[in-house]
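Chemist: The listed protein sequences correspond, in order, to chains P and X. Going letter by letter, the first sequence gives residues 1 to 258 in the numbering used here. Going letter by letter, the second sequence gives residues 1 to 137 in the numbering used here.
Be aware that a few hints might be false.
Unchecked claim - Examples of chain P residues toward chain X, derived with CB under 10 Å: (1) 100; (2) 153; (3) 218.
Stated by the list, open to error - Simulated restraints, written as ranges between beta carbons of each label pair: (4) X:27 to P:246: 46 to 54 Å; (5) P:205 to X:104: 24 to 32 Å; (6) X:90 to P:208: 19 to 27 Å; (7) X:37 to P:210: 26 to 34 Å; (8) X:67 to P:41: 24 to 32 Å; (9) P:246 to X:86: 29 to 37 Å.
If you are wondering where the hints come from, they were derived from the structure by calculation, not from laboratory data. All residues carry an ideal CB built from backbone N, CA and C; glycine is no exception.
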Amino acid sequence: MGRFHRHDDGTEHSHGPGDHSGYETGRERVEVLERIFDENDKIAAANREKFAASGVCAVNLMSSPGAGKTTLLRETLRRMAGPVRIGIIEGDIETSLDADRLAGFGAEIALINTGNGFGGECHLDAPMVGSALPRLGLADLDLVLIENVGNLVCPAEFDVGEHARAMVYAITEGEEKPLKYPVMFRSCDLVVINKVDLLPYLGFDMDGFLANLRAVNPAAAVIQVSARTGDGVDAWCDWLRARLADAAVLQSPLPSPG
Amino acid sequence: MRAGRDSGYAQPVHELSLCGSIAQIVGRHAAGRPVSVINVRIGQLRQVVPDTLVYCWELVSEGTSLTGSRICVEAVPARMRCRACRHEAEVGDLPVFACRACGSIDGEVIAGEEFLVTSLELADSAVTGETTEGAGA
Chain P
1 MGRFHRHDDG TEHSHGPGDH SGYETGRERV EVLERIFDEN DKIAAANREK
51 FAASGVCAVN LMSSPGAGKT TLLRETLRRM AGPVRIGIIE GDIETSLDAD
101 RLAGFGAEIA LINTGNGFGG ECHLDAPMVG SALPRLGLAD LDLVLIENVG
151 NLVCPAEFDV GEHARAMVYA ITEGEEKPLK YPVMFRSCDL VVINKVDLLP
201 YLGFDMDGFL ANLRAVNPAA AVIQVSARTG DGVDAWCDWL RARLADAAVL
251 QSPLPSPG
Chain X
1 MRAGRDSGYA QPVHELSLCG SIAQIVGRHA AGRPVSVINV RIGQLRQVVP
51 DTLVYCWELV SEGTSLTGSR ICVEAVPARM RCRACRHEAE VGDLPVFACR
101 ACGSIDGEVI AGEEFLVTSL ELADSAVTGE TTEGAGA
């Protein structure tokens, strides 16, 4: 293959008509066809294997800034930590403020400050999450909650090795958000609608929001909560327990014949 | 790498880290030969802004062996196929993923999620000789 145009690295070159004349003289084309997320996705697969090897279920939690991820996580730890051994990977651009708010509930917390990246990262990627795993001690955990960087764009693009994706959406953000950020809303298994205690004050059109959500992601589960008052948080915890059960089924060894 | 953060309020963009991944792929395939153009295919459902990617590439490539190379973007519109009635259609600007023919919500994305380096164009290798010679443009 590529007999006449093979170079040291084995790549082939296709020369279109006219490539050898005029201003394009000597321009050679190297076919690549390589996915730009390949490297991230390989490490995500390795993370997923590490979770599976320790019998851990991992959930990637995403949202815009201020939607209430950290408050929801606090309420989650209050209800579940102990019987369920929980680790948290906390992605934050500069500070440990969120990690500090989650201390004292008996969960292992690994903070990743993404501000050290070139230009500051707006998301967690698989290598960052992979680097946090040794600090968590996966062998002693059942559930890892990954609190992504607050951002409705970038985190949706990066598989970090999670088993399920959930996003927290606050009704203060407006009904049109699924149409403006369809990739994020499409990437989620669950949308937690937060701050419903504010419904009487906002004139929020829940049916309109749900119609927009269904337009971009007909399959997403929906749970309405107020992380502040605790309303609906038990339903979210039940969803997490169901994911734990799914992961346990996936990870249990096949019954050996005889 | 050069310092890329100009100010505290600049919103970090993932195009920067994507350029890092692109640089690795390009470096591996170029194998030391000078590169003039990197052809990249981006689906509509990827949240990659072509202009931002081109700009970030200037930042990331400057001072490296890829200085002066540029990214050329081929955009791919999103297309859906309905699993119920097999109707195919472009998603268009308004992100509605239900079937426009029968209304079914059971559809699959058949185009628009691409994000890859398709090819490289090497710089003037015939002019500079059979193999890489000199720094190129």
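Chemist: Taking the hints in turn, state whether each one holds.
Modeler: Hint check results:
At a threshold of 10 Å, the smallest CB-CB gap from residue 100 (chain P) to chain X is about 21 Å, leaving the interface hint violated. The interface hint given for residue 153 (chain P) is met, as the beta carbon of that residue sits about 5 Å from the closest beta carbon of chain X, less than 10 Å. At a threshold of 10 Å, the smallest CB-CB gap from residue 218 (chain P) to chain X is about 4 Å, leaving the interface hint in force. Taking the beta carbon of each, residue 27 (chain X) and residue 246 (chain P) are about 40 Å apart, not inside 46 to 54 Å as hinted.
For residue 205 (chain P) and residue 104 (chain X), the Cβ-Cβ distance of about 25 Å falls inside the hinted range of 24 to 32 Å, so the restraint holds. Under the hint 19 to 27 Å, the C-beta atoms of residue 90 (chain X) and residue 208 (chain P), about 25 Å apart, fit the expected range. Between residue 37 (chain X) and residue 210 (chain P) the beta carbons are some 46 Å apart, a value that contradicts the proposed interval 26 to 34 Å. The supplied range of 24 to 32 Å is met by residue 67 (chain X) and residue 41 (chain P), whose beta-carbon atoms lie about 29 Å from each other.
At roughly 31 Å, the beta carbons of residue 246 (chain P) and residue 86 (chain X) sit within the given window of 29 to 37 Å.
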